[in-house]
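Protein chains: 2
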Amino acid sequence: MSAEDRLIARFFAPLATDPGALGLSDDAAFVTPPQGCDLVLKTDAIIGGVHFFADDAADLVARKALRVNLSDLAAKGAKPLGFLLSLALPKDTGEDWLTAFARGLRADAELFGCPLFGGDTDRTPGPITVSIAMFGSVPDGRMVRRAGARPGDRIFVSGTIGDAAFGLALRRGADWRLSAAQRDHLAERYLLPQPRNALAEAVRLHASAAMDVSDGLAGDLAKLARVSGVAARVEAAQVPLSDAARAVLAAEPGLIETALSGGDDYEVVCTVPPGQVEAFRSAAKAAAVTVTDIGEISRGAGTSFLGGDGKSLAFKQASFSHF
Amino acid sequence: MSAEDRLIARFFAPLATDPGALGLSDDAAFVTPPQGCDLVLKTDAIIGGVHFFADDAADLVARKALRVNLSDLAAKGAKPLGFLLSLALPKDTGEDWLTAFARGLRADAELFGCPLFGGDTDRTPGPITVSIAMFGSVPDGRMVRRAGARPGDRIFVSGTIGDAAFGLALRRGADWRLSAAQRDHLAERYLLPQPRNALAEAVRLHASAAMDVSDGLAGDLAKLARVSGVAARVEAAQVPLSDAARAVLAAEPGLIETALSGGDDYEVVCTVPPGQVEAFRSAAKAAAVTVTDIGEISRGAGTSFLGGDGKSLAFKQASFSHF
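Line by line, the protein sequences are chains C and S.
For the first sequence, the numbering used here begins at 1 and goes up steadily by one.
For the second sequence, the numbering used here begins at 324 and goes up steadily by one.
Don't read these hints as lab results, they were simulated from the structure.
You can trust all of the hints, since none of them are fake.
From the structure, some residues in chain S lie toward chain C, with a derived Cβ separation under 7 Å:
#1 Asp349
#2 Lys365
#3 Lys399
#4 Pro450
We treat Cβ as the ideally placed atom computed from N, Cα and C, and that holds for glycine.
Using the sequences provided together with the hints, build the complete structure.
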């Protein structure tokens, strides 16, 4: 057995619980798509020093890598089926790191019903690179798209916005004299996204368009509006904020731009036709996911965030980019 | 539009020819699996300085990244449907590189009927890392596995073995006084694998077990035999070699080990029940892929390569590993 085979057998084969994964003993895996379903496909990678800090706990790195992909499936109304893992590791990656990484991966694979189907492990002279390709299912033709928002639709967002961007700023040394609980909340929201897969069915049944908020609400909503051929208008005061984020903004009001255009929220933004709003709210409540009406879609083009004075907020940069 | 969005729109959206890819304008893609088919899933990455040289032409890097995955689909009897691309690029990656990379990717996506469904592009402080997740289809339950070889089955291999390992040795400075044509042949076989997707249907209809030869024939066949619970015996003299590889072995006979255990062949090794041998040969001929009977499966365990004297060859390392 090669070193790679031993590593796979020890750390990753236990996660390959689906019969189609063949215990990772084959060249490839197979999946029988549920009857009458499309598969939804997504890939996203995270890289040490770019998307996470080199000293982040390995189990959290694994869970983040899965969750950024799970978040896309949630926004598309899809149910996760499984994932492929492509892992590039520096030579000095130790067993402790791998043990913790596999533990985190397994915890979330179980939590989200999303087993490992296959993978590839390589040495790299660069940083740890974790690339996930995830697949899920939706009834034929029912993947919720970005294009689909119509004038009159209400704009909803799940959870709270801006926490992760403030959590990242804290990691980088920002200090707003927060309580320990507030600091912990923001730090945690950056370290470990909470993808809204519980909301997927509500989105699929009631939303006209949706996407996950990963590069900042302002920029992501602008993409949705552009590809839908409509304008979006958000009441900034309606954007849901955590207590901790409110404390940051109380200390430094100008950071509203960071909240609205920072990245890593992993919430869902979607548009809901007026006739579906009550059903959507009920379904979200049944799924125990908080959703907030933040604005309206109208004819035209452009995305604006209105302040308390009714004037548009101006952003230097609508969208965060690692690129 | 962010820099990443512009890059995607310019270089990669033209490759996203399937309607389910939504022109790469959405968070995810969808695919409607062919009626009565399983999807076959595979991921494999190639990394600069590990799997290819930093100065390899970008179009060949792209094609190699696709082809190492296509080769697995061929061995599993699957028809390619499409792929996801996760690309990590150093900051100094220029437009020329990207233009050539996208050109190579497109050429092979068209050649193998395998369009781009989605992707992710990131900056990395490390080397260029190209991770592909590929999916294909087979009739329900008919993916050809490694496990399945039975005593009495004949062992077949496609194409020729050892060329790529010798091509790599040439790149590293080996000199066997070959002709220019021989050198070019070996160099080309290392640079650009020729996956045997044309053979996929013959394998699916007639093979009891199969895998692609990517880590050396000796080590890969040993994996197939082990998971099938059988022994494999190969007549070393029957292993198909190119004229160029024969010239290398004439100069340095000890390199038979490199031929049989080096990597990057991207041929198919499969086992065929005696009653299927003629049909398999005919189907391979119709597909214009050369296949060679190299030995037999028997009861027991272990994989041996017999020399002209009937004795087993002894290998220092049965399988090549980048790990």
